[in-house]
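Asks: All chains, full assembly: derive it from the sequences and hints.
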Amino acid sequence: MRNALSTSLIAAAKRDERVVVLTGDHGYSLFAPYLKECPDQFINCGIAEQNMVSVAAGLAKSGFRPVVYALSAFVPNRVFEQIKLDICYEELPVLLIGDGAGVVYSTLGSCHHNTEDISALRALPEMRILSPGDAFEVTAALDLAFATGAPTYLRMGKGDLGPVHSSSLQLQWGELVPVKRGAGELALIATGAMLSSTLELSNQFDGVSVWSAPCLKPLKAASLLRAVEPHQVVATLEEHNILGGLGGIVTEILSEHRPLPVCRIGIPDRYSKMTGSYNYLMKEHQLDFDSKLTRLKGFMQQHGFLKKAG
Amino acid sequence: MAYAASTNHIACAFSMVEMLSVLYRHHLRLGDACNDPSRDCLIVSKGHAVMAQYACLYELGWLEDAALKNYLKDGTELTGECDAHVPGLEVSSGSLGHGFNVGIGMALAMKRQKTDRRVYAILGDGECNEGSIWEGLLFASQQKLSNLLVIVDANGFQGLGRTSSILNLESLEAKFTAFGFETLTVNGHDIIALNEAIAQLVASSHPGPRAIIAQTIKGYGVSFMQDDNAWHYKSLTKETYEAALKEIETS
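Residue numbers (our numbering), protein chains in the order written: chain G, 874 to 1183; chain D, 11 to 261.
Heads up, a few of these hints could be off.
[As the list claims (entries may be wrong)] Computed cross-link-like contacts, SDA-like style, restricted to lysine to any residue with a CA-CA straight-line distance of at most 25 Å:
| # | chain 1 | residue 1 | chain 2 | residue 2 |
| --- | --- | --- | --- | --- |
| 1 | D | Lys121 | G | Asp913 |
| 2 | D | Lys124 | G | Phe915 |
| 3 | D | Lys256 | D | Ala240 |
| 4 | D | Lys83 | D | His95 |
| 5 | G | Lys887 | D | Arg122 |
| 6 | D | Lys121 | G | Pro912 |
| 7 | D | Lys185 | G | Ala921 |
| 8 | G | Lys887 | G | Ala1020 |
| 9 | D | Lys154 | G | Phe904 |
| 10 | G | Lys1170 | G | Lys1090 |
| 11 | D | Lys124 | G | Leu908 |
| 12 | D | Lys124 | D | Ser48 |
| 13 | D | Lys154 | G | Phe915 |
| 14 | G | Lys1146 | G | Leu1127 |
| 15 | D | Lys256 | D | Tyr81 |
| 16 | G | Lys1156 | G | Leu1116 |
| 17 | G | Lys1170 | G | Leu1127 |
| 18 | D | Lys124 | G | Glu910 |
| 19 | D | Lys124 | G | Asp889 |
| 20 | D | Lys83 | G | Glu963 |
| 21 | G | Lys887 | G | Thr1021 |
| 22 | D | Lys154 | D | Ala184 |
| 23 | D | Lys154 | D | Phe189 |
| 24 | D | Lys256 | D | Ala15 |
| 25 | D | Lys185 | D | Thr195 |
| 26 | D | Lys124 | G | Asp913 |
| 27 | G | Lys887 | D | Thr125 |
| 28 | D | Lys121 | G | Leu908 |
| 29 | G | Lys909 | D | Tyr81 |
| 30 | G | Lys1093 | G | Phe1019 |
| 31 | G | Lys909 | D | Gln152 |
| 32 | D | Lys154 | G | Gly919 |
| 33 | G | Lys1053 | G | His985 |
Hints are computed from structural coordinates only; laboratory data are not their basis.
Replies: Following this line, the structure appears as structure tokens:
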């Protein structure tokens, strides 16, 4: 995913001289190829994120197309007010890329984890949120963001989980992307790093549909209703707090248009208690394969769709 | 305007009247309209003092009489803090430590576009409590933004008292100099001194940004408001309005 990000940024900068990448002293290996190709369209703003985001707004007001890159624990979290007032209120074409979202920087602890960015940014009018689930979605998400030129946050989660789609695709604002179609009881909707494991999980149930949600804001009600049309229950999967993220978005829309039981699988509104690897933390937050399977089976049984074993 | 809207922040506006006057009359190259793409930009980062800037926009013909008369009435456009949606205002700066940094981005853009446009930014001294200001000073210096001139309206007060008793900023001149700014300190109510200092700094060959520490008096121009921090929050009554007007008209 990071290669796709690098390639897309280089292509965008070469295509459009207004593109300028700002980093908060992050991206050690990521930017090596970019710096070779586009050294004049790169500014390391230092470990000073508040200034960096406001400077991006000033550049955008003056005709540039800034791309702000930082770890997602800092952009957006540390600079929420700059995003609100300097970028969104003025509807400026600034693309914010928050890398390492979720618990990717597992052993670094809560300071480097970010499970609240979607929820926080959703409440900002004019803000658009992208959360790609594989390298193809990264490329498509960046194409969409550059073509639109609006306040946009691109959430980069764990990037080495492999491809889900088999070829390049185009994204549209507000639209879910089909991964697997079925007509059974269950629809699975996943975003970001949860996408590939969701596909794996889907093999445990009959007739399940899998949808990717690379575009979290806006998410069109019509797209969601089409996605769940043949199904009776829905589960959302995200490496984000279950409050206000994909699960929140889906339940908000369905409650208004077609109330269905929704199982929100995500970080259960808590910080990581112990230190450990990414896979360890997935277990701690009950986001590993077995925990998710158990949870989903229980949810199906609760709604009368799976018979209890034995 | 302040009386009609019975609003506060009057003293905060009064301390920067002279610097606005000197900038608008002698230094800002504004072009043909408030959004002229070749204009110099004035950032009033201490956005709560916006009333003084509204008066300037009115003098420039960019604000209608009615806009001032109906200030803060329901359904009107002018807000109590500087708001970029108002034509002629560059930034939304009511939250302190924002406008300055957006202005730095604008100055950087002007430089990268190889224009001779300039950014003038008025900061409050209380505003310099904000960490983003110091991030911006480092960045402006690093980027050698010689087209950026900062004026600190150093009226010595902030919300709840004297700046020296809350988060002491002295010496502002030494701090700005240490951050790589060519810095002068002047009496911020002396129009001639301000004008000369700005002209000198604009003409200077210093490779980095410039700053003026403008020593001012909060509420300057009205004897009973001067150096009395109550007028950060107090609104005018009929009596104080008439007394203030009399003093200003006869000064």
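Asks: Against this structure, judge whether each hint is valid.
Replies: Hint-by-hint comparison with the structure:
| no. | hint | verdict |
| --- | --- | --- |
| 1 | Lys121(D) <-> Asp913(G) | holds (13 Å) |
| 2 | Lys124(D) <-> Phe915(G) | holds (17 Å) |
| 3 | Lys256(D) <-> Ala240(D) | holds (20 Å) |
| 4 | Lys83(D) <-> His95(D) | holds (17 Å) |
| 5 | Lys887(G) <-> Arg122(D) | holds (17 Å) |
| 6 | Lys121(D) <-> Pro912(G) | holds (17 Å) |
| 7 | Lys185(D) <-> Ala921(G) | holds (18 Å) |
| 8 | Lys887(G) <-> Ala1020(G) | holds (14 Å) |
| 9 | Lys154(D) <-> Phe904(G) | holds (24 Å) |
| 10 | Lys1170(G) <-> Lys1090(G) | violated (29 Å) |
| 11 | Lys124(D) <-> Leu908(G) | holds (22 Å) |
| 12 | Lys124(D) <-> Ser48(D) | holds (12 Å) |
| 13 | Lys154(D) <-> Phe915(G) | holds (16 Å) |
| 14 | Lys1146(G) <-> Leu1127(G) | violated (33 Å) |
| 15 | Lys256(D) <-> Tyr81(D) | holds (22 Å) |
| 16 | Lys1156(G) <-> Leu1116(G) | holds (19 Å) |
| 17 | Lys1170(G) <-> Leu1127(G) | holds (21 Å) |
| 18 | Lys124(D) <-> Glu910(G) | holds (22 Å) |
| 19 | Lys124(D) <-> Asp889(G) | holds (17 Å) |
| 20 | Lys83(D) <-> Glu963(G) | holds (23 Å) |
| 21 | Lys887(G) <-> Thr1021(G) | holds (17 Å) |
| 22 | Lys154(D) <-> Ala184(D) | holds (19 Å) |
| 23 | Lys154(D) <-> Phe189(D) | holds (11 Å) |
| 24 | Lys256(D) <-> Ala15(D) | holds (19 Å) |
| 25 | Lys185(D) <-> Thr195(D) | holds (12 Å) |
| 26 | Lys124(D) <-> Asp913(G) | holds (14 Å) |
| 27 | Lys887(G) <-> Thr125(D) | holds (22 Å) |
| 28 | Lys121(D) <-> Leu908(G) | holds (21 Å) |
| 29 | Lys909(G) <-> Tyr81(D) | violated (54 Å) |
| 30 | Lys1093(G) <-> Phe1019(G) | holds (21 Å) |
| 31 | Lys909(G) <-> Gln152(D) | holds (22 Å) |
| 32 | Lys154(D) <-> Gly919(G) | holds (15 Å) |
| 33 | Lys1053(G) <-> His985(G) | violated (33 Å) |
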